[in-house]
Amino acid sequence: MRKVIWFSLAMLLAFSLALAGCGGGTETGGDSGGGTANGGSTDGETAGGGSEPKEVTLQFMHLWPAGSARQQNMIVNSIIEQFQNEYPHITIEQDILENEQYKNKLKVVSTSNSLPDIGMTWAAGFLEPYVKGQLFAPLDDLLEDGFKDEFVVGTVEAYAIDGKTYALPIELNIVPVYYNKALFEQFNLEVPETYDEFRHIVDTLAANGIAPIALGNRDRWTGSLWFMYLADRIGGDALNRAIDRSGSFTDESLVRAAAEVQELVRANAFNRGFNGLSNDEAKAEFLNGQAAMYLMGSWEHPNFTTNDEIPQEFRDSVGFFKFPIVEGGSGDINSWVGGPGVGLFVAENSPAKEEAKLFVRYFVEKWGEQAVTEAGVIPATKVDTANVDLPQKFIDLLNELNSASNITLFADVQMSPGVAEVHLNMIQSLFGLEIEPEEFAEVHEEALASEQ
Amino acid sequence: MNKVMSNKWIIALYVLPGFMFLAVLVYIPIVLTGYYGLMEWHGLGEMKFIGLGNYIKLIKDEMFWKSAYHSFLLALFSALSLIGYLLVALILAGRIKGADLFRKIYLIPMLLSSVAIAQLWLKIYHPTNGVLNLLLVAIGVEQPPTWLADPKIVLYAVFLAILWQYAGFYILIYYAALKNVPSALEEAARIDGAGPWQVAWKIKLPLISGVIKVTVVLAIVGSLKYFDLIYVMTGGGPNGASEVMASYMYRHAFKSFDFGYSSAIGFFLLLICLVVTWLIRKLTASDDHVQYS
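The listed protein sequences derive, respectively, from chains A and B.
Under my numbering, the first residue of the first sequence is numbered 1, with each subsequent residue one higher.
Under my numbering, the first residue of the second sequence is numbered 1001, with each subsequent residue one higher.
Be aware that one or more of the hints could be misleading.
To be verified - Quick list of in silico lysine to any residue cross-link-like pairs, SDA-like style, CA-CA up to 20 Å: (1) B:K1123 / A:D219; (2) A:K105 / B:L1016; (3) B:K1066 / A:E421; (4) B:K1255 / A:L287; (5) B:K1255 / A:Q94; (6) A:K103 / B:K1255; (7) B:K1060 / A:D280; (8) B:K1048 / A:V265; (9) A:K103 / B:S1256; (10) B:K1048 / A:E451; (11) B:K1060 / A:A447; (12) A:K132 / B:E1046; (13) B:K1255 / A:E98; (14) A:K393 / A:L287; (15) B:K1123 / A:D280; (16) B:K1057 / A:T111; (17) B:K1213 / B:K1123; (18) B:K1104 / B:L1178; (19) A:K105 / B:K1213; (20) B:K1152 / A:V265; (21) A:K132 / A:N104; (22) A:K357 / A:Q94; (23) A:K107 / B:E1046; (24) B:K1255 / A:F126; (25) A:K132 / B:K1282; (26) B:K1255 / A:N279; (27) B:K1255 / A:P417; (28) A:K107 / B:L1052; (29) B:K1048 / A:N113.
Simulated from the structure, these hints should not be mistaken for lab results.
Construct the complete structure from the given sequences, taking the supplied hints into account.
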């Protein structure tokens, strides 16, 4: 009897402690944030004075764990080490999470206003709520003295809102058309420069029972790439103008691009059942040689150059070409669809903003030197292709990047999340021949207009 | 020990930990969801109170009603499929040879995680390399359906996978219930001249009617809030052709970042489930309790 009571009391105590622990957790989180805040602000002053630098600790939150992104993780560690050697008074502490957890945590810590000093963000639509909440610091002063020219055209701009830049990009991807050289040779096909030539390739392959294009449109953004390129080649920047509301989505060229997509579908240009396939399943068809072309981001480039898991023979037989120009359209063949991946931000309420900015710039520069050779990641800064040791196909791609006239950011990233959902669903309907091009345009126009 | 259990305070003390967990993990989130449902909130920044605005939007939202229709359709199919499961269980419980082996085979899908099942069915349904279409081509079908891409078929294709997923679970429940029916009753009926059909219909089914009611509730409510396979296999696509209420809620919360609206959907879903459960209980309530012995 007595024992029972003691036991239950002990349980109660343990439980209430556990609860207190939960409650306290958030508090201590806030406290430690405040702690660095105090420590940091004094540091900030001395750094401004420039006499004797005091110890500063910077929190750096990123999404490259040693397990799933080993090479990136190693580069990050080596950059931090170099930085700390050069600036001994600054210590960088890392907080590493997987992609999805990273996004969730970023959201949670920003609601409690305890963002890390430095972290990673995505461009445009993702960035916007954080900037509106005044959580990120403008980094324009870093871009002065010509640093901006180090970046590939159109990358930094993706992180600008109302004329101020809130993050510096470190990754960049463009979307070439990958093609299977062996299949092209088999049917005497050549790399197309014009859309008519491209249509000829599609018709020839389809007539011979080969799926011309591998597309996994269950993921929806994959189909969006096709629409974006056609819109770009036909109407120039009509799509961009429709999204930033200086134009309209019912623009004739966008309707024509949508109609052209449906033409391709009717010509059996895509693999069967593409609307039910994921991108990975479509990629498998391309890798199996069942489909001849694959429009995809250059993050796949290592798979066609250095990835040993894919047979050398197949890697050698993959080439890439620029999306062909449409006769009579106002597009330029050097204009790419693509966009920067993650960029580095500095928290607005960071107590050591100057040191954080220093690190961001240092990181971007060093990253640009190492990313592509060591991890196969294309940095957003220009790469000097004469001095790197890389497979030729990689160098070709980097050269294309350096001569890019324009990079149009992925449509679903440009749009706010709500409109992006509409866009992606409409893409699936368009490819499924469920709606007419005019209706496709009108639904977009409505969604975009209602955001105003 | 009895003395301890007669003390209300001690009872409360014992119940407290469990109740706390339940409250923190279930009841409080429900209340919070109801609260967020009244807000315009994008998961970040300020919440704005808009009263029943989200619910009014919900009532007018065609896509929501379409997904609700799909959910109810799934509930209907699940409920009807129970008849099939019951038949299988009756046969298995009828002391046929190898019943034990079959029972285990039927249970296998229960042991697989939803994602594994989804991957399995994705392979089966693959339009060009899938087992199903290769089979159809082999028997001479020239253009086999693209199961998950055709908006007219996709819903039923996924339903089939879902029904397969839960078959073992219900068969096991029925099997256990049927095994509990005293064999003396069956023998008595046999002696009175009842055939196997009559034994099943007049003796066994009434005796397990309580279990059947529970499975009907489980199947219907489970279908209404169903999410897993839909999410992995189609993501609700193409363009909402296989969307159900839970996946629609997910899409609004984590794709459109419209947490206020998706909370309203979630709360509404809860209400629907409660009402349906109550209805089923009401409709199947009966006074005559059939008992063993």
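Open item on the list: Does B:L1178 sit within 20 Å of B:K1104, going by the straight-line distance between their CA atoms?
Closed with: 16 Å, holds
Task: Holds or violated: B:K1123 to A:D280, with C-alpha atoms at most 20 Å apart - done: 12 Å, holds
TODO: Below or equal to 20 Å on CA atoms is what counts here, so check A:K357 against A:Q94.
DONE: Holds. A:K357 to A:Q94 sits at ~16 Å (cutoff 20 Å).
Open item on the list: Does A:L287 sit within 20 Å of B:K1255, going by the straight-line distance between their CA atoms?
Closed with: 30 Å, violated
Task: Proposed proximity, A:N279 with B:K1255 (alpha carbon, max 20 Å) - done: 18 Å, holds
Open item on the list: Check the hint pairing B:K1255 with A:F126 against an upper bound of 20 Å on the C-alpha distance.
Closed with: 11 Å, holds
- [ ] Sort out whether B:K1213 lies within 20 Å of A:K105, counting only the CA atoms.
- [x] Violated, because 43 Å separates the two Cα atoms, which is more than 20 Å.
Open item on the list: Just to be careful, I want the Cα atoms of A:K107 and B:E1046 compared with a cutoff of 20 Å; is the pair within it?
Closed with: It holds: about 13 Å lies between the C-alpha atoms, which stays within 20 Å.
TODO: Take the C-alpha atoms of B:K1066 and A:E421, compute the straight-line distance between them, and say whether it is at most 20 Å.
DONE: Distance of about 17 Å is within 20 Å: holds.
Open item on the list: Please verify whether A:K393 and A:L287 have alpha carbons no more than 20 Å apart.
Closed with: 17 Å, holds
TODO: For the pair supplied as a hint, B:K1255 and A:E98, confirm whether the alpha-carbon distance does not exceed 20 Å.
DONE: OK: B:K1255 and A:E98 at ~18 Å, within 20 Å.
Task: Satisfaction of hint between A:T111 and B:K1057, Cα-Cα up to 20 Å - done: Roughly 26 Å between the alpha carbons, so the hint for B:K1057 and A:T111 is violated.
Hints 2, 4, 5, 7, 8, 16, 17, 19, 25, 28, counting from the list given before, are not met by this structure.
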